[in-house]
Amino acid sequence: MRKHVSHNDNQEVVISITKLYKSFEENQVLRGIDLELYKGENLVVLGRSGTGKSVLIKIIVGLLKPDKGTVKVFDKEVDKLDKKELMQLRLKLGFLFQHSALYDSMTIRENLEFPLVRNKRNISRVELDESVSEVLEAVGLSDTINQLPSELSGGQQKRIGLARTLIMKPDIIFYDEPTAGLDPLTSGEINDLINEVQEKYKTSSIIITHDLTCAKDTGDRIFMMMNGKFVRHGDFEKVFDTSDETIRGFFDYNFIQ
Amino acid sequence: MDTTSSQPAKYLVSRNVDGFFAGISDVAKFIAQFFKEAFTPPYEYQEVIKQCYNVGYKSLSLITLTAFITGIVFTKHSRPALADFGATSWLPSLIGVAIIKALAPLITGLICAGKVGSQIGAELGSMRVTEQIDAMEVSAVNPFKFLVVTRVLACTFMIPLLVIYSGFIGLFGSFLNVHANEQTSLVTFIHGAFVKINFSEIMSSLVRSLIFGFTIGIIGCYKGYTTTQGTEGVGRAANVSVVIIMFLLFIEEMIIVQFMNWINPGM
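Residue numbers (the working numbering), protein chains in the order written: chain A, 921 to 1177; chain B, 238 to 504.
The set of hints was computed from the structure by calculation and includes no laboratory data. Any given hint could be a false lead.
[Claimed, not checked] Lysine-lysine pairs mimicking DSS-like chemistry, simulated, CA-CA at most 27 Å apart:
1. A:K1040 with B:K287
2. B:K273 with A:K1040
3. B:K266 with A:K1003
4. A:K988 with B:K247
5. A:K1000 with B:K273
6. B:K266 with A:K988
7. A:K985 with B:K266
Computed from a prediction, not measured in an experiment: that's the story for all the values here.
With the hints as constraints, model all of the structure from the sequences given.
Shown next, in the form of structure tokens:
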């Protein structure tokens, strides 16, 4: 487990969210979210399924539009950016999807080369090979380079998804349920990998999860989300040092059962 | 593209009528975006070639079989009617007109609607629901250019070539039947088949097949790219793509034939 970092007032804010609201038809998903992500920290958003965690990070990367509120990434208001500016901003962002979202008709090499080739049109074959080898080594899956995503296990697919994110050398990485559907040992490996990536590449991260082990192992700060709002935040011990039955229930289910 | 836009709570006429016109408006925007992205660099040449292979080469066996059978069957059914008037020598001309002016574009279009349109709808739909399209977007790649533009261009380029190919295969099937029954030589058959067809009629068929190809590509891509509601949505995208494409092909066929007759009454 990595040593968690605490932030001070002088630390650079890379993401700033103020009074964010989002609904789908009658369903109010986010109800006034305020959040700041500091440079170099791992921030965990914890909560039950369907509370709006994934919607939050999809709004941050511009996949969804907010109804109200502001989302600033590197001081740029995401909602106000034109298509070209949004593309430029996304070069600094990485996103690991819940089900990895690997391109299933492409080999692992093609998956990894895909964003690089399209964003650096003049990149040489040698540079491509070096980048692919580096990220595959970082996730410990160098021998899968010519395989198809369907030939890999769920945990391996997550690692390749992370490698595809790392190949663009992002400043901020979003992890959407990185351990969902994985056995405890593989989940532990993914948690270690998240920490290794943070230390090696000095990234800032938002980790969406309902897995308390993942939250405890990776998070510097935990934000507990319920019904589209943050109800508690702080380090892991502080968040669960409460008599609130719902939050205690969440803790007990993960660690006692 | 934000695929989660919510339905309006109040309807101008009714949910279905409003939905129909909203759908037409969305398709129009989709087509406008296609033309904008198609003429803006960078261009995905390699992907276009790959899609041309998928659309064209991989449809060859199906087109060959259906065109060949159509040629033979149409000839067999036409012979008795001409024989009653002692006009079996006109059989190659009748077949030539029928296949080149009508059957080759329409049959090729319908077969490709089933094979290519459903394949594109299912493929893009599956990519949408498994977040592969979102993954492209967040890695600063334009998924519309990579997925939609390449497939629509491939359909628009390849369907006319398949129409020409199916026309020749249909005529070949017909020739075999005519040769077996009337001992007509290949040269006589070809001369007879093309004697009643002029250049503008061949161009009319090609223009039609170009429009058919664009229709197959754009509707397949639209239904797939805007898929919602998981695996059920993928199945629906594939199914609805085929139904809409076939419906549009018949309407386009009717409009184009009327238009060509209007500008060239001798056709």
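A quick look at each hint next to the structure:
Annotation: proposed proximity of K1040 of chain A to K287 of chain B holds, straight-line Cα distance about 21 Å (limit 27 Å). Between the alpha carbons of K273 of chain B and K1040 of chain A the distance comes to roughly 22 Å, so the proposed pair stays at or under 27 Å and holds. Proximity of K266 of chain B to K1003 of chain A is assessed by CA-CA distance (about 16 Å); at most 27 Å being required, the pair is judged to hold. In summary, the hint linking K988 of chain A to K247 of chain B is supported, as the alpha carbons are separated by about 22 Å, within the 27 Å threshold.
Restraint check for K1000 of chain A and K273 of chain B: satisfied, since their Cα atoms lie roughly 22 Å apart, inside the 27 Å limit. The straight-line distance between the Cα atoms of K266 of chain B and K988 of chain A is roughly 26 Å, inside the 27 Å bound, and the hint therefore holds. At roughly 19 Å between alpha-carbon atoms, K985 of chain A and K266 of chain B fall within 27 Å of each other, so this suggested pair holds.
Comparing the model with each numbered hint stated earlier shows that all of them hold.
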